[in-house]
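Order-wise, the sequence lines are chains A and B.
For the first sequence, the tail end lands on 163 under the numbering used here, and the numbers increase by one without skipping.
For the second sequence, the tail end lands on 612 under the numbering used here, and the numbers increase by one without skipping.
Rather than coming from a laboratory, the hints here were simulated on the basis of the structure.
None of the values given here were measured: they were computed from a predicted structure.
There's no promise every hint is true.
Unchecked claim - Listing some non-contacts, in silico: residues in chain A with all C-beta distances to chain B over 10 Å:
#, residue
1, 28
2, 31
3, 47
4, 55
5, 67
6, 92
7, 106
8, 146
As the list claims (entries may be wrong) - Distance windows between CB atoms, simulated:
#, chain 1, residue 1, chain 2, residue 2, range
9, B, 536, A, 94, 51 to 59 Å
10, A, 62, B, 536, 28 to 36 Å
11, A, 8, B, 408, 48 to 56 Å
12, A, 145, B, 252, 18 to 26 Å
13, A, 97, B, 527, 47 to 55 Å
14, A, 78, B, 395, 38 to 46 Å
15, B, 412, A, 58, 16 to 24 Å
As the list claims (entries may be wrong) - Calculated pairs, EDC-like style, for lysine to aspartate or glutamate (alpha carbon to alpha carbon, straight line, at most 16 Å):
#, chain 1, residue 1, chain 2, residue 2
16, A, 145, B, 563
17, B, 271, A, 146
18, A, 38, B, 430
Beta carbons are placed, not taken as given, at the ideal position from N, Cα and C, and that holds for glycine.
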Amino acid sequence: MTTPDGMPASTIATDGIGGTTVYFAHPDDYVATIQALKDDGFEMCVDVCGVDYLEHPDRFVAEGVVATRFEVVVNLLSLSKHQRVRVRVQAGNDEPRVASLFSLYPGTEAPEREVFDMFGILFDGHPDLTRILMPEEWEGHPLRKDYGVGRVPVQFKEGPGPR
Amino acid sequence: MTDQIRNVDRLDILAAETHEGAQELRPRSETAADDLGKEMGAVLRLQGLNLDPASIDVEGPEDERMIINMGPSHPSTHGVLRLMLELDGEYVLRTKPVIGYLHTGMEKTAETLSYVQGGTNVTRMDYLSPIGNETVFALAVESLLGISVPERATWIRMMMNELNRISSHLVWMATNGMDLGSSSMMIYGLRERELILAFYEKTAGLRMNLNYVRPGGVAADLPDGWEDDIAALCDTIHQRTYEYDELLTGQPIFRQRMIGVAPITAEEALALGLTGPLLRSTGVAWDLRRSMPYLAYDQVEFDVIVGTYGDNFDRYAIRLNEIRESVRIIRQCLEKMPSGDYRTQDAKVTPPPRARIGESMEALIHHFKLFTEGFHVPAGETYVGIESPRGEIGCYLVSDGGPKPYRMHTRAPSFTNLQAIPLLMRGGTMSDTVTVISTVDPVMGEVDR
Numbered sequence: 001m002t003t004p005d006g007m008p009a010s011t012i013a014t015d016g017i018g019g020t021t022v023y024f025a026h027p028d029d030y031v032a033t034i035q036a037l038k039d040d041g042f043e044m045c046v047d048v049c050g051v052d053y054l055e056h057p058d059r060f061v062a063e064g065v066v067a068t069r070f071e072v073v074v075n076l077l078s079l080s081k082h083q084r085v086r087v088r089v090q091a092g093n094d095e096p097r098v099a100s101l102f103s104l105y106p107g108t109e110a111p112e113r114e115v116f117d118m119f120g121i122l123f124d125g126h127p128d129l130t131r132i133l134m135p136e137e138w139e140g141h142p143l144r145k146d147y148g149v150g151r152v153p154v155q156f157k158e159g160p161g162p163r
Numbered sequence: 164m165t166d167q168i169r170n171v172d173r174l175d176i177l178a179a180e181t182h183e184g185a186q187e188l189r190p191r192s193e194t195a196a197d198d199l200g201k202e203m204g205a206v207l208r209l210q211g212l213n214l215d216p217a218s219i220d221v222e223g224p225e226d227e228r229m230i231i232n233m234g235p236s237h238p239s240t241h242g243v244l245r246l247m248l249e250l251d252g253e254y255v256l257r258t259k260p261v262i263g264y265l266h267t268g269m270e271k272t273a274e275t276l277s278y279v280q281g282g283t284n285v286t287r288m289d290y291l292s293p294i295g296n297e298t299v300f301a302l303a304v305e306s307l308l309g310i311s312v313p314e315r316a317t318w319i320r321m322m323m324n325e326l327n328r329i330s331s332h333l334v335w336m337a338t339n340g341m342d343l344g345s346s347s348m349m350i351y352g353l354r355e356r357e358l359i360l361a362f363y364e365k366t367a368g369l370r371m372n373l374n375y376v377r378p379g380g381v382a383a384d385l386p387d388g389w390e391d392d393i394a395a396l397c398d399t400i401h402q403r404t405y406e407y408d409e410l411l412t413g414q415p416i417f418r419q420r421m422i423g424v425a426p427i428t429a430e431e432a433l434a435l436g437l438t439g440p441l442l443r444s445t446g447v448a449w450d451l452r453r454s455m456p457y458l459a460y461d462q463v464e465f466d467v468i469v470g471t472y473g474d475n476f477d478r479y480a481i482r483l484n485e486i487r488e489s490v491r492i493i494r495q496c497l498e499k500m501p502s503g504d505y506r507t508q509d510a511k512v513t514p515p516p517r518a519r520i521g522e523s524m525e526a527l528i529h530h531f532k533l534f535t536e537g538f539h540v541p542a543g544e545t546y547v548g549i550e551s552p553r554g555e556i557g558c559y560l561v562s563d564g565g566p567k568p569y570r571m572h573t574r575a576p577s578f579t580n581l582q583a584i585p586l587l588m589r590g591g592t593m594s595d596t597v598t599v600i601s602t603v604d605p606v607m608g609e610v611d612r
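Looking at chain A on its own, in the form it has when it is part of the complex (with noise of 0.2 Å):
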């Protein structure tokens, strides 16, 4: 596995399922990653997805990196050299915020409101971060581990409550 050049020295490369290989950014130094991989050839970003480990604090980690709650994800792909890579950011725990790949990648602008949406991850520097698919005045972020399954109330039984 070779460098691409430019990539900062705190990211950290490791070998991920399928042969695919998955970066571990630095949170100060993720846009410098996406960016040295961008230059490297990786035209489109795929995917931006974000993932709460509040209840899988152990998963796996590159060595060296602290592990959030909070981790965003973005798989990128290359058209020249029919590759996949995946960038693994850890976002934080209270107050989770990381940088946009608006300037990057215009596509990331959907992928990246649905995160905020779903998890409460900022992205600095995104043009308009707002609700896309929750209705506007909707409290919490449904996808976060702590927020509980929608339940129907049952009648005339000692049901659970909605949520």
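Go by the hints and put chain B onto chain A.
Showing chain B alone in chain A's frame:
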């Protein structure tokens, strides 16, 4: 309460009823200059955010512009897509898609279902391409499990995926025809799709939302006499594509509304992360079946259909020809279908045959464990992407070692492709919005999940 709402002096109460917050398109006088630039369409976002909106805009006084709302329940928005359009007469200046009307929290639901049950959930996302959703989920689970499926299962999956591509494209042809006033195409498209749904029903028991492709293989072997069914189906559909060709391609009204309308360049498509026919229409020969083969696509012959101009007509032509290519793949599947098992014999993943349960204690235990607790998947994370009829559908799966996914995220092609709409519509006419939505082909079940 009713009196309050009826009171015209209190319009704010009325507005609160349909409030979408920042997703709403505001009048220009209430929009900051850089926001306006962004709303003009993604192409401006590409060129930088500092663009002066006044310098590129169609000139005209504010009171001649009109913001109208289209959808969410509009027959040509293909579901519950809502568009806010700023119009200058007949011309569209700005567009803002508003989504979320079909949001049902399927990614959250996936965390409460075991891997055995998960298929029933994902199959409902892109309801026109259920097999694609199931396949990507099953491949992701299998990649975490580190198991391989028998060759026959792979070929059955591939054949079903291609049938699915045909049925999805047929619905597209039908609805697109309807949008352009060709109700004959609507009837023909749905008629031919019925042949495929009938085959689904024969194989899996259901016409839609099959839960047929499961981790470890497929739910059932192909029915007796499937070769004849498939051969007849291929012949019929292949011949009918030429009828559609005759019906639509040369028709003057159809051509006028498709050719040169809503073009997009390869650079814009890549920057926006567009995949599928939308990307291929710009001349980028990117099809995951060919470029990063999965299943057994490296063992069949087919052509990747590529357009030139990136306009509506190219997207139509690509879909029409992809039906023919899919028929070609299915015929090869018919020829090369290997014999053997249709699911892995790993008892931890595959339920035992019904007959074994009565005579074997192990089979009974495995059956009980599989359908109550489910199987455990080693901790890890993986991403698998395959080519759905709409583009790259991906599944990002995180396991914590338990029987349920810790996190299941679907990269929905329609969701990303929808970002092209402001760009495609800009400067077009109001009537073109209908064809643009149609050729982008969003499935709202997948957009909102």
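Okay, the hints, checked on the actual structure:
1. 28: Fine: 23 Å to the nearest Cβ keeps residue 28 (chain A) off the interface.
2. 31: Residue 31 (chain A) clear of chain B: closest Cβ-Cβ about 16 Å, beyond 10 Å.
3. 47: Its Cβ does come within 10 Å of chain B, the nearest being 4 Å, so this is violated.
4. 55: violated (7 Å)
5. 67: Non-interface label stands for residue 67 (chain A): nearest chain B Cβ at 13 Å, farther than 10 Å.
6. 92: holds (17 Å)
7. 106: violated (5 Å)
8. 146: Check passes; 12 Å lies beyond 10 Å.
9. B:536 to A:94: 51 to 59 Å: violated (34 Å)
10. A:62 to B:536: 28 to 36 Å: Given about 32 Å between the Cβ atoms, the range holds.
11. A:8 to B:408: 48 to 56 Å: holds (53 Å)
12. A:145 to B:252: 18 to 26 Å: violated (51 Å)
13. A:97 to B:527: 47 to 55 Å: Because 52 Å falls inside the window, the suggested range holds.
14. A:78 to B:395: 38 to 46 Å: holds (42 Å)
15. B:412 to A:58: 16 to 24 Å: Violated - the Cβ-Cβ distance for residue 412 (chain B) and residue 58 (chain A), about 59 Å, lies outside 16 to 24 Å.
16. A:145 to B:563: holds (13 Å)
17. B:271 to A:146: Holds. Residue 271 (chain B) to residue 146 (chain A) sits at ~12 Å (cutoff 16 Å).
18. A:38 to B:430: holds (14 Å)
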